[in-house]
Amino acid sequence: MTVSMVKALNDGLRKALTDDPQVLLMGEDIGRLGGVFRVTDGLRKDFGELRVVDTPLGEAGIVGAAIGLAMRGYRPVCEIQFDGFVYPAVNQIITQLAKLRHRSAGRISLPVVIRIPYGGGIGSIEHHSESPETYFAHTAGLKVVTCATPNDAFHMIQQAVAEDDPVVFLEPKRHYWTKGEVAPATEVPLEQAVIRRAGTDVTLIAYGPTVPVALEAADIAAEEGRSVEVVDLRSLSPWDVTTVRASVHRTGRAVVAHEAAFSHGFGAEVAARLQDEEFHFLEAPVVRVTGYDTPYPPSRLESDWLPGVDRILNAIDRSLSY
Amino acid sequence: MANAVQDPLSEASLADPPIQLLDPSGKLSTDARLPLDLATVDLPALYRDMALVRRLDTEAIALQRQGELGLWPSLRGQEAAQVGAAYALYDRDMVFPTYREHGVAWCRGLDPVSLLGLFRGTTLGGWDPYAHHFNLYTLVIGAQTLHAVGYGMGLYRDGSTGSGDPDRDTAVLAFLGDGALSEGETNEAFIWAAAQNLPVVFFCQNNQWAISAPYSVQSRIPAAQRAAGYGFPGIRVDGNDVLACLAATRQALDQARSGGGPTLIEAVTYRVNAHTTADDATRYRAAEETEDWTARDPLERLRAHLETTGAVTDEYFTDLEQRERDLAERLRAGCRGLADPDASSPFEHTYAQMPADLRQQLREHLEFVSTGPQDGEQK
Ligand SMILES: Cc1ncc(C[n+]2csc(CCOP(=O)(O)OP(=O)(O)O)c2C)c(N)n1
Ligand SMILES: [Mg+2]
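Taken in order, these protein sequences are the chains called A and B. The numbering of the first sequence is our numbering, which starts it at 1 and goes up by one. The numbering of the second sequence is our numbering, which starts it at 1 and goes up by one.
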């Protein structure tokens with residue numbers, strides 16, 4: 001079945017609500033409206049207002065209340081309306097959600113999912129295009145995943161709901177309306193990276209919104225005789241070092257692409273691990289192609305600011321120039 | 001289960017009807033709680049500004065439809081609340097708006113074209129917040145209420161409140177929506193303002209909706225009643241009555257300037273259009289409700305008053321129509337003339353001094369922007 005990512009998420013959430021009566025959804029405008037992106041469209045009608053909750057306008061409330069619900073045996077799936085509006089909830093996420101298992105010596109499990117539409121490239125106003133993944137990936141106790149295809153959206157959201165740890169589930173909103181085939185089942189565990197395109201010259205590591213861009217760049221590079229292997233990380237915490245290492249082991253070169261800023265970004269983590277563990281097999285330094293170390297710019301500047309196809313191709317050139 | 005409670009709000013609202021000085025038919029009345037000396041009010045000017053901001057809004061929506069703006073949050077229906085509140089301000093008073101206060105911006109003397117850049121994507125701000133004592137729009141719900149508090153703390157420390165000097169005492173006017181009442185930060189702002197008796201007036205436009213959430217999702221009592229719990233006065237006015245909004249804000253700002261502390265004003269009004277041009281209000285509210293409120297239009301009642309009292313001549317309306325056309329033309333031309341920002345601007349304005357490392361990124365970025373891809377083959 002070919003559906004958009006929005007529809008795939010909707011189907012995945014519907015299945016999660018159907019399969020487990022303890023699952024419930026909470027967020028601003030997710031019920032009557034079906035969410036500003038319509039990810040929860042129709043779910044309130046079918047599952048009722050106790051399971052699809054239009055919350056008051058407060059993100060700390062959404063996550064804080066989800067913690068209490070989880071302690072009472074529920075599996076809340078929270079929607080944060082946009083990446084830039086998660087920050088009022090960050091206190092609850094970092095000081096409570098991420099740490100209660102540890103604090104309680106394992107007695108408290110918080111199977112809470114926090115869905116966040118994230119990333120840029122949609123011509124939007126401020127706070128609607130951010131990439132906050134590293135704040136969460138840097139916080140022990142949280143799992144952080146991101147889907148790049150409708151198929152992954154459908155399966156990963158259900159896997160995230162089934163997790164016994166809190167999961168920050170990042171949805172690349174730029175690709176919400178991109179359609180793709182959705183298979184009825186998956187064999188791929190939530191935390192495993194996937195090779196989206198096989199190649200031999202260089203490994204291009206991407207996740208979420210940069211995956212389709214990376215694939216496009218790989219297509220163009222192929223026309224120039226360069227064989228690019230594209231790895232979709234899918235999970236940032238934990239992340240699948242094994243798959244990435246194996247690929248770089250073969251190609252000897254790595255480029256990492258993300259929209260979040262350069263310094264202290266996820267690319268730095270990847271580069272550090274590769275130089276540590278694949279040092280003898282690397283033929284070039286790990287190249288990062290990312291957003292810049294500035295706040296997200298006004299939308300008229302975003303296409304040059306984001307790591308687009310051209311900047312990724314430049315990065316591939318740089319890697320291959322060694 | 002809270003969801004099963006029968007619309008408790010309407011009962012509470014009945015017990016606390018908003019104060020009205022000008023009814024929907026255009027008749028004036030008085031209210032002992034809200035004295036207003038009409039000799040101090042320029043009714044034709046009030047109407048003119050309301051009509052002009054409505055035109056500004058209509059034009060911006062048209063520009064969005066034509067693809068010139070990415071988005072526009074309409075103020076339609078809230079002209080009286082905004083213009084009334086703005087008319088109570090002194091130039092030196094500081095305003096902290098949300099993203100919908102185009103009417104206040106207009107009254108503060110901002111170039112209306114400067115309101116468009118943020119929604120066109122040419123800027124994240126668009127004006128000098130100090131020049132008109134009107135802060136940049138704040139898009140993060142509730143955040144600005146605390147900025148207003150801090151500004152009020154500064155005024156207090158400067159001796160610019162409660163000094164008794166009418167040329168010196170200053171207040172802060174913070175705008176917020178009904179949805180913003182639920183953010184923790186708003187509640188912190190109320191607590192700080194109360195505990196320190198700060199010269200801050202919180203002006204809540206209760207337009208009944210926070211995107212798709214009706215007011216009952218946020219509260220079971222009228223917003224104005226909340227103030228008592230924090231320890232300062234709350235007043236509930238008809239937000240479609242420009243005189244009640246002006247009188248309430250004037251009274252509250254006077255009190256704040258003189259050292260009397262904060263007030264929460266709830267202006268009961270209605271968001272006539274969808275939340276923004278990206279929203280579809282038919283998904284969550286009935287057309288009849290919107291029609292009901294449109295019958296209480298803020299402009300119509302003042303116009304009716306001006307016409308029946310003969311306060312203005314036909315020339316007034318002809319002149320106003322011309323001004324509206326001029327404004328529309330200015331917005332259309334101005335919008336298309338808004339230049340794209342420089343590729344270097346995000347780098348230049350991130351820190352007071354650009355760190356060396358960022359300067360290197362800027363160099364690489366400018367090279368990329370000017371030369372495009374290195375091998376010149378890609379798009
Ligand atoms: C912290 C935060 N959360 C969510 C949003 C998304 N959002 C934008 S406007 C809005 C509703 C605001 O309602 P209200 O305060 O009543 O103001 P109105 O839009 O009605 O003027 C929401 C939820 C936001 N801007 N900031
Ligand atoms: Mg509102």
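Because the hints were derived from the structure by calculation, they are not lab data. Take the hints with a grain of salt, since some may be wrong.
[To be verified] Only pairs whose alpha carbons sit at most 20 Å apart, straight line, appear in this in silico SDA-like list of lysine to any residue:
hint, chain 1, residue 1, chain 2, residue 2
1, A, K45, B, E291
2, A, K45, B, A286
3, A, K99, A, R72
4, A, K45, B, T277
5, A, K45, B, A281
[Unchecked claim] Simulated DEER-style distance windows between Cβ atoms:
hint, chain 1, residue 1, chain 2, residue 2, range
6, A, I122, B, E289, 23 to 33 Å
7, A, Q275, B, R336, 33 to 43 Å
8, B, P44, A, G123, 33 to 43 Å
9, B, R359, A, P285, 14 to 24 Å
Small disclaimer: the values here were computed from a predicted structure and weren't measured. We put the CB at the ideal spot given by N, CA and C, even for glycine.
Each hint tested on the structure:
Distance hint between K45/A and E291/B is unfulfilled; the C-alpha atoms sit about 26 Å from each other, more than 20 Å. Of the pairs offered as hints, the one joining K45/A and A286/B holds, with about 17 Å between alpha carbons and a cut-off of 20 Å not exceeded. Taking the CA atoms of K99/A and R72/A, the gap is about 17 Å. The hint holds against a cut of 20 Å. Between the alpha carbons of K45/A and T277/B the distance comes to roughly 25 Å, so the proposed pair goes past 20 Å and is violated.
This hinted pair checks out: K45/A and A281/B have alpha carbons roughly 17 Å apart, not beyond 20 Å. At about 31 Å, the CB distance of I122/A to E289/B agrees with the hint of 23 to 33 Å. Taking 33 to 43 Å as the suggested C-beta distance range, the pair Q275/A and R336/B does not conform, at roughly 50 Å. Range check, P44/B to G123/A: about 41 Å between beta-carbon atoms, so the 33 to 43 Å window is met.
With their beta carbons about 21 Å apart, R359/B and P285/A fall inside the hinted range of 14 to 24 Å.
Checked against the numbered hints above, the structure breaks hints 1, 4, 7 and satisfies the rest.
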